[in-house]
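Number of protein chains: 2
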Amino acid sequence: MKNIGQLHGVGLGPGATDLMSVRADRLIRGAKHIAFFRKMGSKGHAWTIASPLLSRDVNEIALEYPVTTEIKLTDPRYNEVLSEFYANCCNRLKEYLGNGEDVVVLCEGDPFFYGSFMHLHSRLANFARIQVVPATTGMSGAWTATGQPITWGDDVLTVLMGTMPKEELVYQMNKTDALVIMKIGKNYQKVKAALKEANLFNRAWSVHYATMENQKVLKLSDYLSEEMPYFGIILVHGTGRRP
Amino acid sequence: MKNIGQLHGVGLGPGATDLMSVRADRLIRGAKHIAFFRKMGSKGHAWTIASPLLSRDVNEIALEYPVTTEIKLTDPRYNEVLSEFYANCCNRLKEYLGNGEDVVVLCEGDPFFYGSFMHLHSRLANFARIQVVPATTGMSGAWTATGQPITWGDDVLTVLMGTMPKEELVYQMNKTDALVIMKIGKNYQKVKAALKEANLFNRAWSVHYATMENQKVLKLSDYLSEEMPYFGIILVHGTGRRP
Numbered sequence: 001m002k003n004i005g006q007l008h009g010v011g012l013g014p015g016a017t018d019l020m021s022v023r024a025d026r027l028i029r030g031a032k033h034i035a036f037f038r039k040m041g042s043k044g045h046a047w048t049i050a051s052p053l054l055s056r057d058v059n060e061i062a063l064e065y066p067v068t069t070e071i072k073l074t075d076p077r078y079n080e081v082l083s084e085f086y087a088n089c090c091n092r093l094k095e096y097l098g099n100g101e102d103v104v105v106l107c108e109g110d111p112f113f114y115g116s117f118m119h120l121h122s123r124l125a126n127f128a129r130i131q132v133v134p135a136t137t138g139m140s141g142a143w144t145a146t147g148q149p150i151t152w153g154d155d156v157l158t159v160l161m162g163t164m165p166k167e168e169l170v171y172q173m174n175k176t177d178a179l180v181i182m183k184i185g186k187n188y189q190k191v192k193a194a195l196k197e198a199n200l201f202n203r204a205w206s207v208h209y210a211t212m213e214n215q216k217v218l219k220l221s222d223y224l225s226e227e228m229p230y231f232g233i234i235l236v237h238g239t240g241r242r243p
Numbered sequence: 001m002k003n004i005g006q007l008h009g010v011g012l013g014p015g016a017t018d019l020m021s022v023r024a025d026r027l028i029r030g031a032k033h034i035a036f037f038r039k040m041g042s043k044g045h046a047w048t049i050a051s052p053l054l055s056r057d058v059n060e061i062a063l064e065y066p067v068t069t070e071i072k073l074t075d076p077r078y079n080e081v082l083s084e085f086y087a088n089c090c091n092r093l094k095e096y097l098g099n100g101e102d103v104v105v106l107c108e109g110d111p112f113f114y115g116s117f118m119h120l121h122s123r124l125a126n127f128a129r130i131q132v133v134p135a136t137t138g139m140s141g142a143w144t145a146t147g148q149p150i151t152w153g154d155d156v157l158t159v160l161m162g163t164m165p166k167e168e169l170v171y172q173m174n175k176t177d178a179l180v181i182m183k184i185g186k187n188y189q190k191v192k193a194a195l196k197e198a199n200l201f202n203r204a205w206s207v208h209y210a211t212m213e214n215q216k217v218l219k220l221s222d223y224l225s226e227e228m229p230y231f232g233i234i235l236v237h238g239t240g241r242r243p
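Residue numbers (our numbering), protein chains in the order written: chain A, 1 to 243; chain B, 1 to 243.
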């Protein structure tokens with residue numbers, strides 16, 4: 001009987017290839033099979049970060065999202081379509097794992113902090129051994145890019161998703177010291193209105209493509225577009241105790 | 001006139017040496033002068049993580065905290081003593097920087113996420129160029145150790161310090177989906193009471209020394225000591241949307 005291969009969920013960090021961990025670098029260079037999510041028709045952000053490290057004859061398993069923004073989150077079909085997609089992804093990975101082959105899944109940011117890998121992890125945990133390699137989050141890359149610490153002393157940090165209702169955003173914003181908002185994209189006008197209502201707009205920063213060549217860091221009041229890239233991050237720094 | 005050297009604030013990640021970034025690894029191996037905080041009488045956690053990488057003739061600049069728990073946070077002397085300490089640390093680093101020598105400061109976790117480096121950064125920002133290398137946080141190491149994602153879908157994540165008053169802890173716990181608590185130590189009984197009041201105690205996990213050889217992961221209900229190490233982390237996982 002064949003042994004089952006091992007699945008590695010490898011965090012790539014915020015974007016610069018040399019900000020991934022030494023462990024991740026070693027696993028990716030040595031990988032025979034790599035899998036990664038991407039939007040249909042693009043090379044994918046995860047692949048792009050890891051590509052300088054891939055061996056010439058690596059087998060690339062591209063997992064292409066069937067939907068990203070075409071179906072609304074509130075539509076029950078959204079979960080159905082994604083659920084079927086993740087099940088199909090797992091079936092593809094099981095072919096390799098079942099043949100005793102290890103597979104490295106490239107994960108943007110940290111695998112267990114939002115993101116897609118967890119939907120493979122929960123479905124494959126009983127099938128194969130899984131090793132998860134933690135990584136620098138996109139938000140760490142973003143606050144480092146602003147040149148200021150995100151939290152001091154006993155500051156409370158809250159991480160919010162731009163997909164939340166405006167009232168919930170304002171409620172959460174009103175009771176935190178430091179703030180990170182992700183998944184903004186088309187929700188930007190709502191997020192902006194919430195920040196104004198919570199009197200945080202003038203302290204907020206927008207960071208896009210943190211740690212990468214095209215990194216953009218702006219006070220949010222200087223950000224003039226109507227929308228924001230999906231991977232843009234908004235930050236409000238804490239102001240806690242500083243001896 | 002001599003050029004001023006560059007200061008590098010290098011994040012070491014959660015503890016395992018190979019979880020630091022490739023960039024951090026390269027900077028530490030190449031460093032002529034390294035500085036690091038430590039408790040008097042100990043080698044220090046930061047030094048221990050980095051020690052396998054240090055060149056044989058590296059110059060070690062140990063910055064030893066004058067107090068840790070002897071003076072209470074609420075005592076005004078606490079801030080005074082620490083402020084003088086950080087000023088002295090900066091004077092020591094300025095001797096090297098002013099002679100055109102680069103200095104690498106070893107920072108546990110991520111340099112701009114709580115931690116001591118920021119107190120050097122704010123004091124030296126006008127003196128020298130400073131490069132900060134973001135890293136995997138201790139909390140990422142901790143949730144990875146539990147084998148479960150910390151956040152799903154639109155979960156709100158809140159990071160709290162055990163040093164906060166109990167009522168504030170309960171208030172914050174009641175309005176989040178996922179939770180991280182740090183700086184626990186002698187505050188453990190208060191934190192535990194707050195978790196019970198917020199009905200989160202039975203879902204909480206304690207993680208000590210995440211990613212290191214002596215890593216300990218327990219349901220909090222199985223953690224029987226009266227106190228917790230200062231670097232212990234308590235987690236409550238989110239339960240959000242999962243297709």
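Simulated from the structure, these hints should not be mistaken for laboratory data. This structure is a prediction, so every number in the text was calculated from the model and none was measured. Hints should not be assumed to be uniformly reliable.
For chains that are exact copies, the list does not tell them apart, and a pair is met inside one copy or across any two.
[As the list claims (entries may be wrong)] Listed below are the simulated EDC-like cross-link pairs for lysine to aspartate or glutamate, each with C-alpha atoms no more than 20 Å apart in a straight line:
1. K72 - D222
2. K2 - E101
3. K186 - E95
4. K166 - E101
5. K94 - E84
Results for each hint:
Proximity of K72 to D222 under the C-alpha cut-off of 20 Å is found in neither arrangement, the shortest distances being 30 Å within a copy and 42 Å between copies. With identical chains, the CA atoms of K2 and E101 are at most 20 Å apart within one copy only, with a shortest distance of 10 Å there and 57 Å across copies. In this homomeric assembly, K186 and E95 never come within 20 Å of each other (Cα to Cα): the closest approach is 38 Å inside a single copy and 50 Å across copies. For the homomeric pair K166 and E101, neither the shortest alpha-carbon distance inside one copy (47 Å) nor that between copies (50 Å) is at most 20 Å.
Taking the shortest alpha-carbon separations for K94 and E84, only the intra-copy value of 15 Å comes in at or below 20 Å, while the best inter-copy value is 59 Å.
When each numbered hint is compared with the structure, violations occur for hints 1, 3 and 4.
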